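Hints given; two lone chains; assemble the complex.
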Amino acid sequence: MLELRGITKRFGTVTANDGIDLIVEPGQIHCLLGENGAGKSTLMNILYGLYHADEGEILLDGVSQKFAGPGDAMKAGIGMVHQHFMLVPVFTVAQNVMLGHEPTHPGGRLDMAAARDLVRRISNQFGFGVDPDALIEDLPVGIQQRVEIIKALSRDAQVLVFDEPTAVLTPQETDELIAIMRRLKAEGTGIVFITHKLREVREVADTISVMRHGQIVGQASPTASSSELANLMVGRPVELTVKKNAPAPGDAGLQVSALTVTDERGHRVVDDVNFQVRGGEILAIAGVQGNGQSELMEAIMGLRSASHGSVTLDGKELLGSSVRQILDAGVGYVPEDRHVDAMVAEFSLMENMMLDRSVGLPFVKYGTVRQPVVDQFTRERMAEFDVRAVGPHIPIGRLSGGNQQKVVLARELSRDLRLFIAAQPTRGIDVGSIEFVHQRIVRTRDAGVAVVVVSTELDEIAALADRILVMYQGRVIGIVPANTSREDLGLMMAGVTPTTKEDPHVQQFN
Amino acid sequence: MSSNLTSDTTRSASTEQQAPTNSPSQPQAKTTPGKWRTVLREISNGNTIINIFSVIIALAAGAILIGLTDEEVRESFGYFFARPTDALRAFWDAVAGAYSALFQGAIYNFGRPGFLNGIKPLTDTLTYATPLITAGLGVGLAFRSGLFNIGGRGQMLIAAGCAGWIGFGIQLPWGIHMIVAVVAGIAGGALWGGLAGLLKARSGAHEVITTIMLNYVAFYLLSYLLRTPLLQAPGQSNSKSAPTAETAVLPSLLGERYTLHFGFILAILATIGAAWLISRSSLGFRFRAVGENPHAARVAGINVGKTYVMAMLVSGGLLGLAGSFQVLGTTTSGFTPGIDAGIGFDAITVALLGRSRPWGIFAAGLLFGAFKSGGFAMQAAQGIPADIVVVIQALIVLLIAAPPLVRAIFRLPHDGSKLTDSKKVATA
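If you read the protein sequences in the order shown, they are chains H and B.
The opening position of the first sequence corresponds to residue 2 in the numbering used here, with each subsequent residue numbered one higher.
The opening position of the second sequence corresponds to residue 21 in the numbering used here, with each subsequent residue numbered one higher.
Simulated from the structure, these hints should not be mistaken for laboratory data.
Computed from a prediction, not measured in an experiment: that's the story for all the values here.
C-beta atoms are modelled at their ideal positions from N, C-alpha and C, and glycine is treated no differently.
Among these hints, one or two may not hold up.
[Said to hold, decoys possible] Distance ranges between label pairs, derived from CB positions:
no., chain 1, residue 1, chain 2, residue 2, range
1, H, Met-87, B, Ser-299, 38 to 46 angstroms
2, H, Gly-368, B, Leu-418, 35 to 43 angstroms
3, B, Val-237, H, Gly-109, 44 to 52 angstroms
4, H, His-83, B, Pro-405, 49 to 57 angstroms
5, H, Gln-372, B, Val-410, 39 to 47 angstroms
[To be verified] A partial selection of chain H residues facing chain B, derived with a Cβ cut-off under 8 angstroms:
no., residue
6, Leu-304
7, Leu-320
8, Val-324
9, Leu-328
10, Pro-336
11, Ala-343
12, Met-344
13, Val-345
14, Val-360
15, Thr-369
[Claimed, not checked] From chain H, some residues computed to sit far from chain B (all C-beta separations above 10 angstroms):
no., residue
16, Gly-108
17, Asn-275
18, Arg-325
Just chain B, with the same shape it has in the complex (with noise of 0.2 angstroms):
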């Protein structure tokens, strides 16, 4: 008997016999709940209800502040036993108009005649999530590969730059010069985010480090160059570059009247085309497999080095494109090197919020500019200090970061992963 036929008939043998040791398996199929209370379940043990728990805890905690904040609030709880409902009302007017001021700053301000101008703000709130949605995608995407790209600062200042040099420094005809610009953004980011990934490929170095480091490297690199006559403008003593061409600067979408300007849609391309690297693309798969399991990719014959290097140029220029939207779409008037404006950290934030999902980083960033543009809009309606939103923010993460604390709060079921841990026990 030849020996693969009888390796064939033991292994048939062997699945039919096997058959039975499926069955007990089966009664357990039949007791899961029906389909609509699996989604249930899904949502209530997935991350897109924590997040928007977060967000409600977060405003909630808000509020308190702002009540500590204000005068009338403090004041009429320093007599609550004699008449308590002063200081509810008190506390009740501070929030609600600080909320209400936050919403009209942020989507629709209702105070102002006409749909045209009450739609203003959120066309602002657009413009704002603009840099931090396409830098948001770049922090993500190097956390999806196992990277903390702390970096996004000095790859926008570079690539702020770099854009903005191009902006001013040369005459391109209108359009060419826009694209050209935002290329060299693109290449400048890319290149400073690219730096840190073949240190962490050649040398180990934690990409944590470097990246920050880089940050002063550039920051300071910047400020210098704004003093040569590189950068500089001709006759400028402060470090403050010449204003960006006409036929550099992103076009407004809407119209003069609006701030916002071609950058949006550009996040919005970005957006798609992230989506597609990562969860379609066989270099995004890269990505994912040596930011989940470094080991089993190398085993599986992936360079992991040179996909470092790859996820951090791809990151990089990312936050590069966010960097020339600041001097191509948002301050056109010239730049200094406090261009970046937080961003290149906020994005920190808004991946986390978005759980490094393209889509999910897209409505975060949308969070965070109406959180960005109504912030300031409460603050000269009501005189609440817009760091409170800050404050929100930053307890929105903190939220995020502690699921159990959520969940307790809301009473939701436990966590789904400690589920499946306890089926890969179960059902071997």
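Isolated chain H, as found in the complex (with noise of 0.2 angstroms):
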């Protein structure tokens, strides 16, 4: 049993953590409910043994750990799956899991064959069916997952945590997990799963503790409804569906055909793409993690060279130009890695507000920059997009990921759009964020706009789209209307062809 009493954990004069108390039954899932920053990710990293708490203790059945680091933990039986794999893509999974306890012969020659058992006898007694030798980067990511999960369970992991496991997986293959987790349980594993998923809570979890500004502000049974639980972790209530009135489709907008698009290594990552967004309508389009969705969207943006086809907006052809061009006819984007794409962690709101007009009017002047008009453009934003931050001034690093992404929206919003491309436009923020992303969105929308939304959440897919695109390993696999059921588009982006009726745009092209 793991018992965490009145953790604090302070960084400077902020409480992250604020005298949490946690008890994990063996055979119990855990849950631990919250947004981005609650500090769930802090209360895990102190029993993970990265952090060190301020003040409480940690107890496994009954006796105060102290743990230095990672090793410690391993050690005591606290395993961790964390979000973002841990693995050497060019190892094999029996590599992977024996880095760093590698069983070895005497002499110091590594022990594989021990190794490979070690995988194979996991794999056996869960299910998992993972080939010891498989490479993991030819592995899928669900499979890797479940290497991540080996490795754990091959400490001896008296306590599991997963942390927001399933945002990398498909629908099937989160029912999959699921199925994995109620199997550990039954075997005496006490888990601890951290997600902002309300479905997943509800349907695995035995306890669900509920964090809010550092501390635990409820306990929930997961007979609670969805909408209980959104109002307990934002701590007000939550509109969890956007409202919105059925689409005006205008005149041409967007028109892709016959867009292919290879990589680096050559590779078709996008293949032969047909599709066509009108003005005033959102295309949402919906997929795996990594089936081309992020390819296609950087070839629209001019972000791809080796891209074949043609993309025209309102007619004109966009394929060939540079982005300076393509965002001067009127599109906006919001990419996916908004750490890495769309903003710069050191500059201030200011100047990201103004990352994509440093030259010429209305913020550039005789080649300076003219800093009032900036300053007061940011302010009118800040006030407009709810942006809560100190000031324009403050880096945007500083900023959770909801602000931060309401800023980068700002910035694409407030030029004259023809063309609205969000990318995972809710990924990584806070429930209270993504309901106002959402609306501005449909707002941008009815304002005639044509929008493509990508998502790899079928909750938003289903708040947002007017009609649903699929994507598959790079092809279009269908374009179904926004009705469409999840069972549907979970088998679509599992690479099923759906027996639902086409929609009728995509038969212009076929």
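Listed below in structure tokens is the structure:
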């Protein structure tokens, strides 16, 4: 049994964890629910020995523990399945599992056979179906995650912490993971399941603890409704669905024909893609991460040189133009990886607001940045987009994910747009901000702009889409109406061609 | 109901409802320390204090080295336990003598009669600092653009060649000659730097490799040209050029008695210009954006390759200006392939110490100019190798590169960046 007693962790003047009590029984799935920044990760990093608590203690079977680092935590029987896998891509499964505590023959030679046996034994025990000799980079994400679980179990983990494990999985893979978690539970492993997805929590949890602002604000039973849980998480009533009227599609908008993109290794990552988005409608692109959605959007934005086919906006060809020309043609873009592609973390809000307009008016005159103009512009946008920050001069990197995304959104929506592309617009942001971002996207559509939303979250697809395009291995597996069932979408995301009636728009190209 | 109205009302409703969630952050604001404590905290967290302490530690380490090299100190430490006072006194004498010689060689020489003679070392310091500051600005500007310009030497050599050739090869009236020579130097350096930028933009060749290789190309090119009639002085058998024409020599600022020349004014102007470029201009904005995050810059429509070329042009141009100072101000009697005097590399150190900020580089350049000026005086007066000064300079940079070490030695509060990282986590 794992018990956390009065865990408090401060960073400077900020209290990330405030007197947290938590008990995880063997054979129990304890869900830790909370928005990004609620302090879940800090708490788990303390448990895993990466941080030291300022106050409080960790008890395992009633014995107080002192962890100097993850090594101690692992020895004590705490395993962690990280959100971002800690695997060496060019190693085999067995090599990854043995890494850090390699069994050796006398003389220091690696005992690969023992490592393989260990993987096979654990894999069979829980029905993972993992080949010990497969290379990690060849495995699908869902299997890689199982390797992480095997890694933890191979060190006799009594308590397993899953940090946002479903973020990278298809709906089917998520179901399989849930089955695995149930099996682990049946074998007596205690599980801490960190997530912000309400549906999964209700499906699998035995106990639910909700965290907000570094504190446990309540316990809930798995029978609680989604809106009850959301209210606990955010601390106020939340609208989980976006109010939107029927679309009023207008003129041509974006037309993508026979678009093919090859990556650096010569693989076709986008393969003969055709679709159309008219002004005033939202086309949602669904699919499991890594099926060509990112490359498709980058090709439209002029960020991929090896692109063939045609991309027209209001009849004007975009393919082959520079990013600058495409932005000037009236395209707004929210990239999926905010930290890498959308903002400069060390730059102030002001500097980030003018990032895409550093030449000429309104922000630059005679080669000099017009500070007062940028300042005023930033303050206005901060007010309009409800950006919570001390002021326009602080670095954007200090803001929460939700506030950062609002800045990016404000920048992209402040130009005259004909096409708006939002890739994973709500990834890593809190529930309150999700609501806001969704509303702004719908409002942009209602202003007559063609909108493309890329998301791996079916909830988001369902909330925003007027039509849904599903991608699988770089191809369009189908374009279906917004009311298509989750099960059908899940099958399409796994590569099964839909049986539902095809959307009339797609027929123009076939 | 129109859709606009719907989203408007939900939005305003949501902002009202969101207001309470903001309240937990307000107690935090209240508990933040007072203004002075914040300022103090920022200073002690900040980089300036680390730099100052680094200099102090390096000087202390230098003191030990001075003691070790001193004959008398070593002798007296041989019977340390018999008479420790001897050893300590000898040590103190050696270090105090060395550092006072360093000071007298760099700032003010009390040994000379009259203020005008005594102050000469300070003007020497400024003379040494002039090319260091200018070259440091060039390297620092490249740093801000995410580029490691290790090619200062090559850029300075090409610039010296260009400025020098104009300086003795053609005849122009006073003033104009000087301006043309300086501009030619800047252009030569910019060309050499821009070449590395172009290679990076076009082929992705890493600028560290290309600039280092271009150093060799420049060195041997200049060596060769100094053996051809183009640059070699008539009647010379060595690789040496003719002296710079009187009309092209940068005028003395304080009269013939001092070495300080007009280049120092240009260095100040270059610092002002670089400060404007980096923090106020749109070009500098793109430099910094590309330097901090080239991915985001590219997505925002900034031409990253072109920005690299521009940054290397400007960086090379500043190093070229430093190269022109060498032939038009410091060594006007004709130059050799060693005219760069290692300044292209010292500039990297200066830029690091100045944290790539123009006025920081200015201060760092002054400090290193003082070390250079004082080092020679120290060697002459005390017989302590001037190389010790180079060791001290190296230690300063080493310590700046390892701030946790300095913090540990002086028990400074923890790194500010960790604090902001945790804030990111905690204040979502």
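Going down the list of hints, with the structure as the test:
Under the hint 38 to 46 angstroms, the C-beta atoms of H/Met-87 and B/Ser-299, about 40 angstroms apart, fit the expected range. The hinted window of 35 to 43 angstroms between H/Gly-368 and B/Leu-418 holds, with their beta carbons roughly 39 angstroms apart. A C-beta distance of roughly 48 angstroms is found between B/Val-237 and H/Gly-109, which places it inside the suggested range of 44 to 52 angstroms. The hinted range of 49 to 57 angstroms is satisfied by H/His-83 and B/Pro-405, whose Cβ atoms lie roughly 54 angstroms apart.
The hint said 39 to 47 angstroms for the Cβ distance between H/Gln-372 and B/Val-410, and at roughly 42 angstroms that hint holds. For H/Leu-304, the interface hint holds, the least distance from its beta-carbon to any beta-carbon of chain B being 7 angstroms, beneath 8 angstroms. Here the hint on H/Leu-320 is broken, as its CB sits about 16 angstroms from the closest CB of chain B, past 8 angstroms. Of the supplied interface hints, the one on H/Val-324 holds, with its beta-carbon coming within about 5 angstroms of a beta-carbon of chain B, less than 8 angstroms.
Given hint, H/Leu-328 at the interface with chain B, holds; its Cβ is 5 angstroms from that chain's nearest Cβ, closer than 8 angstroms. Hint status for H/Pro-336: holds, given a least beta-carbon distance of 6 angstroms to chain B, under 8 angstroms. Checking H/Ala-343 against chain B by beta carbon gives a least distance of about 6 angstroms; that is within 8 angstroms, so the hint holds. For the restraint placing H/Met-344 at the interface with chain B, the shortest Cβ-Cβ distance is roughly 6 angstroms, inside the 8 angstroms limit, so the hint holds.
Interface hint status for H/Val-345: upheld, as the beta-carbon distance to the closest one in chain B is roughly 4 angstroms, under 8 angstroms. The beta carbon of H/Val-360 is positioned within 8 angstroms of a beta carbon in chain B (closest approach about 6 angstroms), and the interface hint is therefore held. Here the hint on H/Thr-369 is kept, as its CB sits about 6 angstroms from the closest CB of chain B, short of 8 angstroms. With a least beta-carbon separation of about 39 angstroms from chain B, H/Gly-108 lies farther than 10 angstroms from that chain, consistent with its non-interface assignment.
For H/Asn-275, the shortest C-beta to C-beta distance to chain B comes to about 25 angstroms, beyond the 10 angstroms cut-off, and the non-interface label holds. For H/Arg-325, the condition that its CB be more than 10 angstroms from all CB atoms of chain B is violated, with the nearest at approximately 4 angstroms.
This entry does not satisfy hints 7, 18, going by the numbered hints stated previously.
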